[in-house]
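Asks: Put together the whole structure using the sequences plus the hints.
Residue numbers (the working numbering), protein chains in the order written: chain A, 1 to 499; chain B, 1 to 193.
Calculated directly from the structure, the hints in this document are not laboratory data. Just to be clear, a hint being listed does not mean it is correct.
Here are some chain B residues pointing at chain A (derived, C-beta under 10 Å) [unchecked claim]: (1) M1; (2) L5; (3) D22; (4) S29; (5) W50; (6) L51; (7) W54; (8) R55; (9) L66; (10) L123; (11) A140; (12) D141.
Here are the computed lysine to any residue pairs in the SDA-like style, where the Cα-Cα straight-line distance is at most 20 Å [claimed, not checked]: (13) K125/B <-> T192/A; (14) K189/A <-> F60/B; (15) K125/B <-> Q191/A; (16) K189/A <-> R172/B; (17) K189/A <-> K125/B; (18) K125/B <-> K396/A; (19) K125/B <-> S386/A; (20) K125/B <-> E21/A; (21) K125/B <-> V188/A; (22) K125/B <-> D26/A; (23) K189/A <-> E118/B; (24) K125/B <-> A167/B; (25) K125/B <-> S130/A; (26) K125/B <-> V136/A; (27) K125/B <-> L20/A.
Here a beta-carbon is modelled for each residue, glycine too, at the ideal position from N, C-alpha and C.
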Amino acid sequence: MATLNEQGRTDPSVPVTPELEQRLHDHFRVAHNPEAAPDLLWQRLAPQLGGSPSPTLGQRGQHGVRLLFRGLAGTPSRRRILGMSAAAVLALAIGGATFPLWDRPAPAGAEAQAIVAKAESVSTAPLVPSYHLRAVTSQGKQSESVEEWRVGKGRWRTETTLRDPSGALLSLVGTAQNGVRQWAFSTVKGQTHVAVWDLSAELPGNDGSSSASAGAEKSPDANQLQLANQQKRQAEAAMLAKQQAGATASSSVSSAVASKQALMDDAKKRLAAAGASVQQDASASSVGALGAMSPQDRRLADEKQRLAAAGSARQDAATSESATPAGMSPQDQQLLDQKKRLAAAGSASSAGSTASQPFAFGPDSLVGFMKAVSMKLCGTPQQQGSETIAGRDAYKIVIVPDANGCPDGRGAPPVGRTIFWLDKQTYMQLKWEQYAPEGTLQARYEVTSLQYDVPIPDSTFTYTPPPGATVLTVTPQTGKQDIAAFLNLGTGTDGMGKP
Amino acid sequence: MEDELIQRAQAGDHAAFRVLVDRYAVLTSRTARVLLADRAAAEDAVQDAWLDAWRNLHRFQAGRPLRPWLLTLVSNRCRMAARRRLPPSVTLDGAAEDQLVDPADVAGEVVSASLDVELATALSKLPSEQQRVVELRFFADLELAEIATVTGAQLGTVKSRLHRALANLQARLLQDQTPALATLQREESAWQH
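Replies: Structure representation (structure tokens):
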């Protein structure tokens, strides 16, 4: 039993076990991750230092003007643009354990939707119209079951449940979205809390003060309007930020981009070095050729591939309507059926809702996945054969973070070996295991059943609070922490007095 | 050694000042991160505090410890930021850039899966001032006197808060095996910039 004094160590009245102290250190290190890198801090500071620390009259004047300018217009380096819903949903969705990578329902804030739409628009991964899956996820001794439904880009539901050994429900946490309506809900010890909000509050003409309860279902074009509006605001904000930053300021955007570029370069090097270890299956796309292309050529090839695929899908659908090819495997049959549905969906999409459009799971190849993993975990990923997960053929990919840490000054990730199993056809993650640096298994996730392209009733995506539930109607003034606190999720306070 | 760096920085030596920035970057960033929950606001506060340090370095007496002075500057900047009471926000630049360049959030998921759920739950049940003291002590690694400086509280108050917080945590962790709320309780803490 250690104790604390002014130096935090030897006061006999404050007991703290070494185990608790270590847990606190570990917890905060993870909870506050990522930390600002000293290099990035310096990049932001250096252009503003001037020649001497003793301020000249002119510098004092400049400083005063800068403070006045900030007071009027906000800090130039950080534009606070996202609305309530985006911030809240990002906070809730991005970190969710059941949203492992890009293969889960996208964060649904207007800004986030624009981001995801952009990311998906440049992906050539096979489009998926819908899916339903069950999975288990475990962390330490706790194991939870996950169920997800998704149709298109704007309709999903995910539920994570924890039960005791007798099967009694201990907790249920989930999110749902149906068009512009979104719900986050939790049921713990029989008490249900529901936060509900209306994404259309971000639409043009809305002053941002409308509450979710006022929002009826919007027209099918609502999401498109929302995206267009957000993109416009994003462009305006970027221009404003650039004007404010001026010629001398090193904006955080540019430094972030530079840093990201360094990471990408590093990932490329790693992948080049690991090239021989990537044993691409014959069924996979022409990864080697794509990997060697320039970005411009790659985009051109992607576009051609997309157009060809679209044409092929329609042709396949037309030619296969009257005949079922003999000797076709169930998987090929499933793929053909999917193409037919996509062709039908494509012809109807001009009049349909963006919310029901097929979606992709992210990077468009095994190499794309490995590059992303390499950038994030700063290691060299390697494909180690294939396995079958939930009846699907999957690539097995292993990555061990580099002991030297990341090249952008983030240091080593606080994790060890991580293994992913990736669906060979859709690139959806079917399983992952994450180990501590010392080698013990920390967490795992595994899909146990999965169906693509399944009919799912629209009512699945609308959450109806049970009797007695407490409902919070989220407004633009509602902070994400307020939502988390309401849902009893314990993300703490703002640290300066606001509960 | 540090005195020499300070004197060189006072003379306008950027390289010396950078060494000081690198040396205390983690301390100042973590302190601001605890005092201001908004990540972007905390980064701005740290940046402003370091600019304050640079502009006022000529007044700093060589031979005195730099650390408490820096912490005072950081806490002042955090108080100013908190007074503005900006709503919680997500910065577009970081989020958008990350998502557009790399839609995958591999490590974000991996890292979030590492959260100590029981401890997070127990911490969330503490009064906010106790949470802050615990974070400043075990995340920012501040001494109790330094916590008193940055929070504006008396040393005795800090000690009693920390004592109560740790006692509460110990008790809760022993008796309360709270079910995990895995899906939504993660912080916005993706392994990203």
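Asks: The structure should be examined with respect to each hint, and the outcome stated for every one.
Replies: Now for the hints, and whether the structure bears them out:
1. M1: violated, 18 Å
2. L5: violated, 12 Å
3. D22: holds, 5 Å
4. S29: This interface hint holds because 5 Å falls under the 10 Å limit.
5. W50: This interface hint holds because 5 Å falls under the 10 Å limit.
6. L51: holds, 6 Å
7. W54: holds, 5 Å
8. R55: The hint holds - R55/B has a Cβ within 10 Å of chain A, the shortest such distance being about 5 Å.
9. L66: Not OK, violated: L66/B not within 10 Å of chain A, min 13 Å.
10. L123: Since chain A brings a Cβ to about 7 Å from L123/B, closer than 10 Å, the hint holds.
11. A140: Since the shortest Cβ distance to chain A is 9 Å, the answer is holds.
12. D141: holds, 8 Å
13. K125/B <-> T192/A: holds, 19 Å
14. K189/A <-> F60/B: This hinted pair is violated, its Cα atoms lying about 57 Å apart.
15. K125/B <-> Q191/A: holds, 17 Å
16. K189/A <-> R172/B: holds, 17 Å
17. K189/A <-> K125/B: holds, 16 Å
18. K125/B <-> K396/A: At roughly 41 Å apart (the allowed maximum being 20 Å), K396/A and K125/B break the hint.
19. K125/B <-> S386/A: violated, 45 Å
20. K125/B <-> E21/A: Given pair K125/B, E21/A holds - Cα atoms ~18 Å apart, limit 20 Å.
21. K125/B <-> V188/A: Satisfied, since the Cα-Cα distance of roughly 15 Å is no more than 20 Å.
22. K125/B <-> D26/A: holds, 19 Å
23. K189/A <-> E118/B: It holds: about 16 Å lies between the C-alpha atoms, which stays within 20 Å.
24. K125/B <-> A167/B: With Cα atoms ~13 Å apart, K125/B and A167/B stay inside 20 Å; holds.
25. K125/B <-> S130/A: Violated. K125/B to S130/A sits at ~40 Å, over the 20 Å cutoff.
26. K125/B <-> V136/A: Since the Cα atoms of K125/B and V136/A sit roughly 28 Å apart, the hinted pair is violated (cutoff 20 Å).
27. K125/B <-> L20/A: holds, 16 Å
Against the hints set out earlier in the document, violations occur for numbers 1, 2, 9, 14, 18, 19, 25, 26.
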